Amino acid sequence: MIVNRFLQKDNNMGIIKTDKLVFEYIRRDEEGNVEGITRAVDEVDIDVKQGDFVAILGHNGSGKSTLAKHINAILYPTEGAVWVDGMNTADEKDIWNIRQEAGMVFQNPDNQIIGQVVEEDVGFGPENMGVPTEEIWQRVEESLKAVGMYEFRKHSPNKLSGGQKQRVSIAGVIAMHPKCIILDEPTAMLDPNGRKEVVRAVRALNDVEGITIVLITHYMEEIIHADKVFVMDKGKVAMEGTPREIFSQVEKLKELRLDVPQVTLLAHELQKSGIDLPDGILTIDELVQALSRVSQVMQKCKERR
Amino acid sequence: MIRDITLGQYYQADSVIHRLDPRVKLVATICFIISLFVVESWIGYVIAALFLAAVIKLSKVPFKFMVKGMKAIVFILLITVVFNMFLTPGEALVTVWKLTITKEGLRLAAMMAIRLSFLIIGSSVMTLTTTPNSLTDGMEKLMNPLKAVKVPVHEVAMMMSIALRFIPILLEETDKIMKAQIARGADFESGNLVKKAKAMVPLLVPLFISAFRRANDLAMAMEARCYRGGEHRTKMKPLQYKRRDGFAYLTLVCYLTVCVLSNYIL
Numbered sequence: 012m013i014v015n016r017f018l019q020k021d022n023n024m025g026i027i028k029t030d031k032l033v034f035e036y037i038r039r040d041e042e043g044n045v046e047g048i049t050r051a052v053d054e055v056d057i058d059v060k061q062g063d064f065v066a067i068l069g070h071n072g073s074g075k076s077t078l079a080k081h082i083n084a085i086l087y088p089t090e091g092a093v094w095v096d097g098m099n100t101a102d103e104k105d106i107w108n109i110r111q112e113a114g115m116v117f118q119n120p121d122n123q124i125i126g127q128v129v130e131e132d133v134g135f136g137p138e139n140m141g142v143p144t145e146e147i148w149q150r151v152e153e154s155l156k157a158v159g160m161y162e163f164r165k166h167s168p169n170k171l172s173g174g175q176k177q178r179v180s181i182a183g184v185i186a187m188h189p190k191c192i193i194l195d196e197p198t199a200m201l202d203p204n205g206r207k208e209v210v211r212a213v214r215a216l217n218d219v220e221g222i223t224i225v226l227i228t229h230y231m232e233e234i235i236h237a238d239k240v241f242v243m244d245k246g247k248v249a250m251e252g253t254p255r256e257i258f259s260q261v262e263k264l265k266e267l268r269l270d271v272p273q274v275t276l277l278a279h280e281l282q283k284s285g286i287d288l289p290d291g292i293l294t295i296d297e298l299v300q301a302l303s304r305v306s307q308v309m310q311k312c313k314e315r316r
Numbered sequence: 004m005i006r007d008i009t010l011g012q013y014y015q016a017d018s019v020i021h022r023l024d025p026r027v028k029l030v031a032t033i034c035f036i037i038s039l040f041v042v043e044s045w046i047g048y049v050i051a052a053l054f055l056a057a058v059i060k061l062s063k064v065p066f067k068f069m070v071k072g073m074k075a076i077v078f079i080l081l082i083t084v085v086f087n088m089f090l091t092p093g094e095a096l097v098t099v100w101k102l103t104i105t106k107e108g109l110r111l112a113a114m115m116a117i118r119l120s121f122l123i124i125g126s127s128v129m130t131l132t133t134t135p136n137s138l139t140d141g142m143e144k145l146m147n148p149l150k151a152v153k154v155p156v157h158e159v160a161m162m163m164s165i166a167l168r169f170i171p172i173l174l175e176e177t178d179k180i181m182k183a184q185i186a187r188g189a190d191f192e193s194g195n196l197v198k199k200a201k202a203m204v205p206l207l208v209p210l211f212i213s214a215f216r217r218a219n220d221l222a223m224a225m226e227a228r229c230y231r232g233g234e235h236r237t238k239m240k241p242l243q244y245k246r247r248d249g250f251a252y253l254t255l256v257c258y259l260t261v262c263v264l265s266n267y268i269l
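In order, the protein sequences belong to chains L and R. The numbers in this note's numbering rise by one with no breaks, and the one at position 12 of the first sequence is 23. The numbers in this note's numbering rise by one with no breaks, and the one at position 89 of the second sequence is 92.
Just so you know, these hints were derived from the structure itself, not from any lab. Hints may be right or wrong, so weigh each one.
What the hints assert, rightly or not - In silico lysine to aspartate or glutamate, DMTMM-like type, Cα no more than 25 Å apart, as pairs:
(1) K190(L) to D190(R)
(2) K104(L) to E234(R)
(3) K31(L) to D244(L)
(4) K238(R) to D244(L)
Claimed, not checked - Derived DEER-like restraints, expressed as beta-carbon distance ranges:
(5) D202(L) to Q15(R): 53 to 61 Å
(6) E256(L) to R187(R): 42 to 50 Å
(7) F191(R) to N204(L): 33 to 41 Å
As the structure is a computational prediction, the values presented were derived from the model and not from experiment. We put the beta carbon where it would ideally sit given N, CA and C, even for glycine.
Same shape as in the complex, but just chain L:
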């Protein structure tokens, strides 16, 4: 196990904090003249506590990936600032520390695996950080075990499934001993089974190792277990709150062109047609319980009559 040293929570300042973050893409025509400016991220303030599981939702072009790239200091803010563990990402001298503390997993599993053997890929990060050889081996072993890919350590990444490749990428990040991991739509290119595998691995990291997780996605099912959800639209944070708070506002989510989990949608439709259900039902079990309660009440009413 990767030690519980990540579990110590410092509640004063969040591990990731953005302050009025603005990022603008400048579009240019072929001669290099400025054609227009697109505000991809517009005055975003988020604050993520150490150990939290945070989800960022939004449809295509809502600025969520751009926001993620700021946390890893791949992009720099046009205005405002981003702090990772108290370090400003605009500060050139801290850049490698930030990248080590805030690991990043990208969308396409093929385009982020560097090694030709699974274990070599996981060792790539620690190699770059200048970790001594023996410790690299130790870290590789731990990380591969943490995502359940240890028995594949000698395999070629080309022969793995999408979900397995993505778990190798996650192991590659864990080997750098980050305090938080940002996952930029890690499941977008996977089949439903691969998605489940990855989400399970990510949740385990959060529960067992206490690593802060920022999961960017547009699959609603994946955010049910998050501690906090940010919904982004047109570069701004449109909604924020617990999954339950977010999903109880079905109409608003529809406005933002986001799908609600089927169960939540069904509960919402039932509610609209007059059945007395609580707001923000997230799982099938909850709906079943709520419905059986309703039917009991109805039964009683009938009996009384």
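Given chain L, work out where chain R should sit, using these hints.
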């Protein structure tokens, strides 16, 4: 079909030659090739043949794999032999029409044939017993002194290993694009050479675009994982000379000395 191509012709086996440091194997191959061009007597070739045979025996790679590499050069080999046979001036043996086979020509042709085939077999021994990965590692380490004259050794080695990693992915992608275009009526099979080449253009353009996109993604992923070139970098699998490597170097030196001496004594 296109996916069946395997790159680097590594043959998995557990032998002394496989376990040798890639640097030793690289140096030995170069020395062996040089020795082939240094020796001038038949005895020298016998020595080279014995050395090669011993190495092949030790490598536990079946001989037929070495011969596979020869197929590619059969044509060149034939041309060399024919030209040498007919065009070397000297004592005539047989004259057919205007062409004369000379004694010197025959000798030279035989020598060239031996040299070329030994060269190919010798280098296949190296590629068959060394994974492409450790080969790049070995090259990086060997070329390290060139850093002093500002040769980006680490970067070149990194590029080579990334290329090796992406070749199967790009092959798969080519296959995919090809199928997508065949499904829409593209014809890659018929027509003459020019027509076939033209048919490849709509295949290459999307392939290039996707390769660039992949390169961009990969560069970002590498930076996100703290990659900053070769400095301050440690190795997960560092190359370390063992006792057997020293022994291999010693054998190599002995072999070279014998080769050079064979020229003078005999």
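Hints and how they fare:
Between K190(L) and D190(R), the direct Cα distance comes to roughly 54 Å. Violation of the 25 Å bound is thereby established for this hinted pair. The hinted pair formed by K104(L) and E234(R) meets the criterion: a straight-line CA distance of about 16 Å does not exceed 25 Å. Under the criterion of a C-alpha separation no larger than 25 Å, the hint pairing K31(L) with D244(L) is consistent with the structure, at around 16 Å. A threshold of 25 Å between alpha carbons decides the hint, and for K238(R) with D244(L) the separation of about 44 Å lies outside it, so the pair is violated.
Between D202(L) and Q15(R) the CB atoms are about 32 Å apart, so this pair departs from the stated range of 53 to 61 Å. At roughly 49 Å, the beta carbons of E256(L) and R187(R) sit within the given window of 42 to 50 Å. For the hinted restraint 33 to 41 Å between F191(R) and N204(L), the CB-CB distance of approximately 35 Å keeps it satisfied.
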